[in-house]
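Just so you know, the sequences run in chain order A and B. Here the first sequence is numbered in the numbering used here, starting from 1 and rising by one per residue. Here the second sequence is numbered in the numbering used here, starting from 110 and rising by one per residue.
If you're looking for bench data, these hints aren't it; they were derived computationally from the structure. Where hints are given, some of them may not hold.
[Unchecked claim] In silico DSSO-like links for lysine-lysine, alpha-carbon gap of 27 Å or less:
1. Lys120(B) / Lys42(A)
2. Lys153(B) / Lys120(B)
3. Lys153(B) / Lys63(A)
4. Lys69(A) / Lys59(A)
5. Lys153(B) / Lys68(A)
6. Lys153(B) / Lys124(B)
7. Lys69(A) / Lys192(B)
8. Lys63(A) / Lys120(B)
9. Lys153(B) / Lys69(A)
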Amino acid sequence: EDQVTQSPEALRLQEGESSSLNCSYTVSGLRGLFWYRQDPGKGPEFLFTLYSAGEEKEKERLKATLTKKESFLHITAPKPEDSATYLCAVQVPGNQFYFGTGTSLTVIP
Amino acid sequence: EAGVAQSPRYKIIEKRQSVAFWCNPISGHATLYWYQQILGQGPKLLIQFQNNGVVDDSQLPKDRFSAERLKGVDSTLKIQPAKLEDSAVYLCASSQDSNYGYTFGSGTRLTVV
Numbered sequence: 001e002d003q004v005t006q007s008p009e010a011l012r013l014q015e016g017e018s019s020s021l022n023c024s025y026t027v028s029g030l031r032g033l034f035w036y037r038q039d040p041g042k043g044p045e046f047l048f049t050l051y052s053a054g055e056e057k058e059k060e061r062l063k064a065t066l067t068k069k070e071s072f073l074h075i076t077a078p079k080p081e082d083s084a085t086y087l088c089a090v091q092v093p094g095n096q097f098y099f100g101t102g103t104s105l106t107v108i109p
Numbered sequence: 110e111a112g113v114a115q116s117p118r119y120k121i122i123e124k125r126q127s128v129a130f131w132c133n134p135i136s137g138h139a140t141l142y143w144y145q146q147i148l149g150q151g152p153k154l155l156i157q158f159q160n161n162g163v164v165d166d167s168q169l170p171k172d173r174f175s176a177e178r179l180k181g182v183d184s185t186l187k188i189q190p191a192k193l194e195d196s197a198v199y200l201c202a203s204s205q206d207s208n209y210g211y212t213f214g215s216g217t218r219l220t221v222v
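The shape of chain A in the complex, shown without the other chains:
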């Protein structure tokens, strides 16, 4: 059964304190791994797509990496405006997407 697990469920960081969020997956045929940001009361906002192990993508303070079993979202020197829930999703053959339950990030000034 296809499965996506995110950890930790919640993370509190001081402003400037770097950390990583994890997304591990068990799927039959990964077509792509997607990271989204979701603010309260809003729909998820697309951040990155990764397709193959070893691939990395960066955007401002965020860097996403992919291995054969998991992906990491590294947050360097976070700011309070980075506070949000970060969701990962895997795309399998048939263009189906399976989402994890998300990591709720709070950055304290």
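For chain A, the structure is supplied; the task is to place chain B on it using the hints.
Using the frame of chain A, we list chain B on its own:
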């Protein structure tokens, strides 16, 4: 580029009543998705349309949920009759190319009392 439009933003109904949600995707996006997001969980796919045809509705509770996408543009999702466990945010998303992920709307928050 206008985003994915959804209405209403909020809806409160009593159990066993019916409710409908509307979605207008980004112009030119052939693929449209309806997701259910229960509080504290990730979105769960309910139905996927390619133009006006259904690609995947395997997780749609068909005894009470229905969806249509007339003319391959707007879509409506209906629940009849609603149950308490249907309380969730219903998200619509569209994509032109799945390699770039979806664009989500802001969702409709449904509360069934």
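So, going through the hints one by one against the coordinates:
Distance check on the hinted pair: Lys120(B) and Lys42(A) sit about 16 Å apart at the alpha-carbon level, within 27 Å; holds. Between Lys153(B) and Lys120(B) the CA atoms are separated by roughly 20 Å; this keeps the pair inside 27 Å, and the hint holds. The straight-line distance between the Cα atoms of Lys153(B) and Lys63(A) is roughly 26 Å, inside the 27 Å bound, and the hint therefore holds. Restraint check for Lys69(A) and Lys59(A): the C-alpha separation of about 22 Å stays at or below 27 Å, so the hint holds.
Pair hint Lys153(B) plus Lys68(A) holds up; C-alpha atoms about 24 Å apart against a cutoff of 27 Å. A C-alpha spacing of about 22 Å is found between Lys153(B) and Lys124(B), which places the hinted pair at or below 27 Å, so the restraint holds. Pair hint Lys69(A) plus Lys192(B) does not hold up; C-alpha atoms about 37 Å apart against a cutoff of 27 Å. Under the criterion of a C-alpha separation no larger than 27 Å, the hint pairing Lys63(A) with Lys120(B) is inconsistent with the structure, at around 38 Å.
Distance hint between Lys153(B) and Lys69(A) is fulfilled; the C-alpha atoms sit about 21 Å from each other, no more than 27 Å.
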